[in-house]
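Peer 1: Each chain, written out:
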Amino acid sequence: MRSNGDFEDPGAEPTPWPQRVLDNLWLLLVVSIVVPGLLYLAWGLWELAELPRWAGA
Amino acid sequence: MAATANAPELRTCATTGFRVDESGRRLALAYAVAAVLMLAAGGVMAIFIALQRQGLPISDDWWYRLVASHGATMLLFWLLLFEVAALYWGSTMLLNARMRAPRVAWGVFGAMLLGIALAQWAMFSGNATVMFTAYPPLTAHPLYYLGILLFAGGVLVAICLFFANVVMARRERTYEGSLPLVVYGFAAAAIIGVYSLLTGAAAYLLLFLQSVGVLTEVDPALYRILFWGIGHGAQQVNLAAMVAVWYALIGLTLGGRPVNEGLSRFAFVLLIAFIHLGAVHHLMVDPGLGTSHRIMNTSYLLYLAVLASLIHAFSVPAGIEAAQRERGIGKGLFGWLVRAPWREPGFSSLVLSVVYFGFVAGVSGVLMGTMQLNMLIHNTLFVVGHFHATVVSGTTLAFMGISYYLLPLLARRELVGTRIARWQPYVFAGGVALLTLAMLAAGQMGVPRRVADLGYADAPVGVTQFGEGAVPLMMTLVSVGAILAVVGGVMYVWVMVRTLLVGERTDAPLANLALRFGPTAAPPPAPASELPHNGLKGRWARFEAPGTYAMVLFFLAWFVVLYVVAHFNLAQSWPVG
Amino acid sequence: MSAAGVTEHGGSPPPGGEPPRSTLTPPPRVWWKRLGPDERRWLIVAFVWCLVLFSGMYVWLGIGEQQTPIESYRITTSDFAAEADTYIADRQVGEQDGVPVVEPIPGEDVYLVASQFQFRPILRLQRDETYRLLVSSTDVQHGLSLQPTNLNFQVLPGYLYVIRVTPDETGEFPLVCNEFCGLGHHVMTGKIIVED
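Order-wise, the sequence lines are chains F, E and A.
The numbering of the first sequence is the numbering used here, which starts it at 900 and goes up by one.
The numbering of the second sequence is the numbering used here, which starts it at -17 and goes up by one.
The numbering of the third sequence is the numbering used here, which starts it at 2 and goes up by one.
Extracted from the complex, chain F is given alone in its bound form:
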């Protein structure tokens, strides 16, 4: 019966790099925080900070 033992077979081809990237949960966690952290949060807070004061009517 064929088991999943071929995972340990040193002769087997390496897994494709897209697979390894998609499987990397830590990388995904970092991306999930950095992307919105910069594009939404940091940028948004910067826009608020740069908002001019109303100079009067």
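Hints should not be assumed to be uniformly reliable.
[What the hints assert, rightly or not] Straight line, CA to CA, 20 Å or less: simulated DMTMM-like cross-link-like pairs of lysine to aspartate or glutamate:
1) Lys34/A with Glu158/E
2) Lys34/A with Glu912/F
3) Lys34/A with Asp922/F
4) Lys34/A with Glu526/E
5) Lys313/E with Glu158/E
Derived by calculation from the structure, the hints in this document are not laboratory data.
Bear in mind the structure is a predicted one, so any value in this text is a computation, not a measurement.
On the provided structure of chain F, position chains E and A as indicated by the hints.
Peer 2: For chains E and A alone, coordinates are given in the frame of chain F:
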């Protein structure tokens, strides 16, 4: 293959074949039960909220308290408690792995229950009528914020334990290669949850500090930017968990697998990377942000997160279609769907959830997020209709569907009330469909959200707008839909409670449901790697899922039409800018 | 190698083959594979639609008459209240239901105050003229909702939102608050009157 040589053997479930860690099972069960109880509580509140519109004598003050608690109870407590149950199930049983740090996990459970109690006390005593959005300068009692922070912090720790389970399972090689797709989806939900909970906790922490006098004020715009990281982010956690549950139901009820693992996983990654940008959807008509920030974020950067959903919109039905075609069920373009197991509660809730989420919830969401269209619906009942379509007929319905399998398995009891279970998804989906379509229509007519009296009877400047035309009819339909949905909810809770209390104890539950997964299920006749010819001609002959392909094209046409109509609608308004 | 009949993962024991793949079991060792023809087509079509959605907002920026107001400033609640009161006193032409009615000069800045639980003043505008509404709150967050044309905006204390508006129909148009602002949220209304 390497077994967990150093750890004692885990019991093997006779129904699914998974190895079961007892503390994982008990924790998942505890969270699932707590979740169902929260759903029931929120549902009771829904009755009062809906019937007040039709004349049930509730004071305005109490109506607002109920709306506040209904929101927190459903959006936070019901959904997140169920998701933690799913995370624990997915990282232990689905990986044949152990639960790490169970004592910590139980402590966290207790803390979360305490948090719920504090928040509910604050809301019901009138000390926190600020709605789950809690916008400053509105203030609530410090214990409200503390309660929510305890709950959110608990979810964050549960997420850490999920990752600990997964990492250790990989290390101990309790599974080989990549995570099962369902667990991958739960991992996506967990990852998305981290950023959500961090920004949400930051927002609520600011409010807490202000409520005890450490801060004098919290800038409303700053708060909104932070809060909507969880306000919308938590909904994306729900989205990812819901999609994972869809895939799980395909596996359980059809013996199916994804047509392309890479495509489905890639879609989850798009979600992980870009979904949080959509928090800006709630800030589209706010003072303070520039045009570019709004457009870049509302579009999730080229709508890449929407692309994720569009991929799942194909992959999920395609998984159903492939599983059916593999077994030779159904002929032609749609026979596989007609001859599908519509009596299985897991299957019907799957399809109803997918269809409604796509056609109504998803499309309305993208329309609302379109920068200039947002002006038409901000803070109207359209928003309320949208999010009931997403989290109720989408996520909640899917969660109900899988709990027909999950709870008996976790509780090791036979399901009680199978006949009710077979009807329940239809009743619930029907009620919520009516409720949400009526809300969307009312919102289009300008009906505001969170308003206790749409007749404005006590307003000095009278407003008769919402007592005229089709609005009263829509609001009646909202109430009718709500009642029907609650009936569907009662059916579900009834089955769950009876199963848990009087279900026959057994080592092999789910004997009375047509499960196509596990050692007791018959494997598909066709070889697992190839689908039989689909019987169609021309280029359709080579398609893996021709029926699905036709359906998604139809869905796209629907989307395009609504997008154009919405802009036409916008053009009728006063010139503004 | 494991003995036949022992399941490492969930799924039926294989009758001489590997256990059936499922969404609930680990995928094959190598799962990155070519897309089927229908998947590839849909992916392309879906992505094109995403690009259309994205550019749609820019297109509308060019051709639409209804745009999201962007111009905003910081302002203290007391400054806003004081300037608004001065403006109202200056332009008041009457009163309705206890709320001052103001008739602005076309093209000018018009103060619109949101507070618990009222929008003031009532505005009397001329059709097809453009006005710059200066909107803010003197207390908590509110929602400015103009009906039935159904234009809705968020109003924040400490922030001035400039909303340029051109009424294109005559009549009396209610303002309602659609952001929960306290227990009087359902009595918070206002009005815009448009005349020829």
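Peer 1: Can you list which hints this structure breaks, lowest number first?
Peer 2: 5
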